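Peer 1: Here is what each chain is made of, one letter per residue.
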Amino acid sequence: DGGITQSPKYLFRKEGQNVTLSCEQNLNHDAMYWYRQDPGQGLRLIYYSQIVNDFQKGDIAEGYSVSREKKESFPLTVTSAQKNPTAFYLCASSYGQGGETQYFGPGTRLLVL
Amino acid sequence: AQSVTQPDIHITVSEGASLELRCNYSYGATPYLFWYVQSPGQGLQLLLKYFSGDTLVQGIKGFEAEFKRSQSSFNLRKPSVHWSDAAEYFCAVPKKGSSNTGKLIFGQGTTLQVKP
Chain A
93 DGGITQSPKY
103 LFRKEGQNVT
113 LSCEQNLNHD
123 AMYWYRQDPG
133 QGLRLIYYSQ
143 IVNDFQKGDI
153 AEGYSVSREK
163 KESFPLTVTS
173 AQKNPTAFYL
183 CASSYGQGGE
193 TQYFGPGTRL
203 LVL
Chain B
167 AQSVTQPDIH
177 ITVSEGASLE
187 LRCNYSYGAT
197 PYLFWYVQSP
207 GQGLQLLLKY
217 FSGDTLVQGI
227 KGFEAEFKRS
237 QSSFNLRKPS
247 VHWSDAAEYF
257 CAVPKKGSSN
267 TGKLIFGQGT
277 TLQVKP
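Read top to bottom, the protein sequences are chains A and B.
Using this note's numbering, the first residue of the first sequence is number 93, and each one after it goes up by one.
Using this note's numbering, the first residue of the second sequence is number 167, and each one after it goes up by one.
Just so you know, the hints here were simulated from the structure itself, not pulled from any lab data.
Since the structure is predicted, the reported quantities are computational estimates derived from the model, not experimental observations.
Watch out, some of these pointers could steer you wrong.
[As the list claims (entries may be wrong)] In silico DSS-like pairs for lysine-lysine, Cα to Cα no more than 30 Å straight-line:
#1 A:K175 - B:K215
#2 B:K215 - A:K163
#3 B:K227 - B:K281
#4 A:K175 - B:K261
#5 A:K101 - B:K227
#6 A:K163 - B:K262
#7 A:K149 - A:K162
#8 B:K215 - B:K227
#9 A:K149 - B:K227
#10 B:K215 - B:K261
#11 A:K149 - A:K175
#12 B:K227 - A:K162
#13 B:K261 - A:K162
#14 A:K101 - A:K175
#15 A:K106 - A:K162
#16 B:K234 - B:K261
#17 B:K262 - B:K234
#18 A:K101 - B:K261
#19 B:K281 - A:K149
#20 B:K262 - B:K215
#21 A:K101 - A:K149
#22 B:K215 - B:K234
#23 A:K101 - A:K163
#24 B:K215 - A:K101
#25 A:K163 - B:K261
#26 B:K227 - B:K261
Could you build all of it, start to finish, from the sequences and the hints given here?
Peer 2: Take a look at the structure:
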């Protein structure tokens, strides 16, 4: 079955620690996206990538980093510079053209210890 | 600035009653429009989308939405709500000026509660 997988479902971060969230898709989509979701704030775009080895900052990129070494994979690292990382993180993918539907993974909830 | 507004943060309806969730956007032209649904702790699922043509769009799970250009609205409707429809609903439009990236702007979301 085609789709997007995210792991882990829950992730705990200690002070000063970097953590990496995984996102994999087998939909053959060119574009991938990372969103942060906080209660009452909808979805905010962190980073997006239209093609392998290229990515762009979204609206709230500070404290986050990404890589896009393979078409199928777009991992997100939450660095120690992100002072308020507790949130629900959603990965999505699309063909990347205007108006195309984005398909979402099940999400990762990040909590700070 | 470009925006998507969902005026109702929280709506409660009785099971079997009709439902309308509001969405207003600012875009400056006729945009593509999307409605997504999110169950608690889950990702978003596409309910329906409007690209062009007929302004009344049918989606999954018995939902429909009507695009009204004059009102810059794309309201979501369902004639008879089921308890399983309790979820959060998001309206979205493409980010203007980024037609080749697929970027979307989302509304704040409307939480639907269904009373037995």
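Peer 1: Please go over all the hints and tell whether each is borne out by the structure.
Peer 2: Do the hints match the structure? See the list:
1. A:K175 - B:K215: Not satisfied, since the Cα-Cα distance of roughly 36 Å exceeds 30 Å.
2. B:K215 - A:K163: 26 Å, holds
3. B:K227 - B:K281: Judged against 30 Å, a Cα distance of about 18 Å means the pair holds.
4. A:K175 - B:K261: Between A:K175 and B:K261 the Cα gap is close to 27 Å, so the pair holds against 30 Å.
5. A:K101 - B:K227: Cα-Cα ~26 Å, so holds.
6. A:K163 - B:K262: Since the Cα atoms of A:K163 and B:K262 sit roughly 25 Å apart, the hinted pair holds (cutoff 30 Å).
7. A:K149 - A:K162: 18 Å, holds
8. B:K215 - B:K227: 14 Å, holds
9. A:K149 - B:K227: Not OK: A:K149 and B:K227 at ~35 Å, beyond 30 Å, violated.
10. B:K215 - B:K261: Status holds; Cα separation ~15 Å.
11. A:K149 - A:K175: 18 Å, holds
12. B:K227 - A:K162: Cα-Cα ~35 Å, so violated.
13. B:K261 - A:K162: This hinted pair holds, its Cα atoms lying about 26 Å apart.
14. A:K101 - A:K175: 21 Å, holds
15. A:K106 - A:K162: 29 Å, holds
16. B:K234 - B:K261: 19 Å, holds
17. B:K262 - B:K234: It holds: about 19 Å lies between the C-alpha atoms, which stays within 30 Å.
18. A:K101 - B:K261: Holds. A:K101 to B:K261 sits at ~29 Å (cutoff 30 Å).
19. B:K281 - A:K149: Violated, at about 42 Å.
20. B:K262 - B:K215: 17 Å, holds
21. A:K101 - A:K149: Holds. A:K101 to A:K149 sits at ~24 Å (cutoff 30 Å).
22. B:K215 - B:K234: With Cα atoms ~14 Å apart, B:K215 and B:K234 stay inside 30 Å; holds.
23. A:K101 - A:K163: 22 Å, holds
24. B:K215 - A:K101: 28 Å, holds
25. A:K163 - B:K261: 23 Å, holds
26. B:K227 - B:K261: 27 Å, holds
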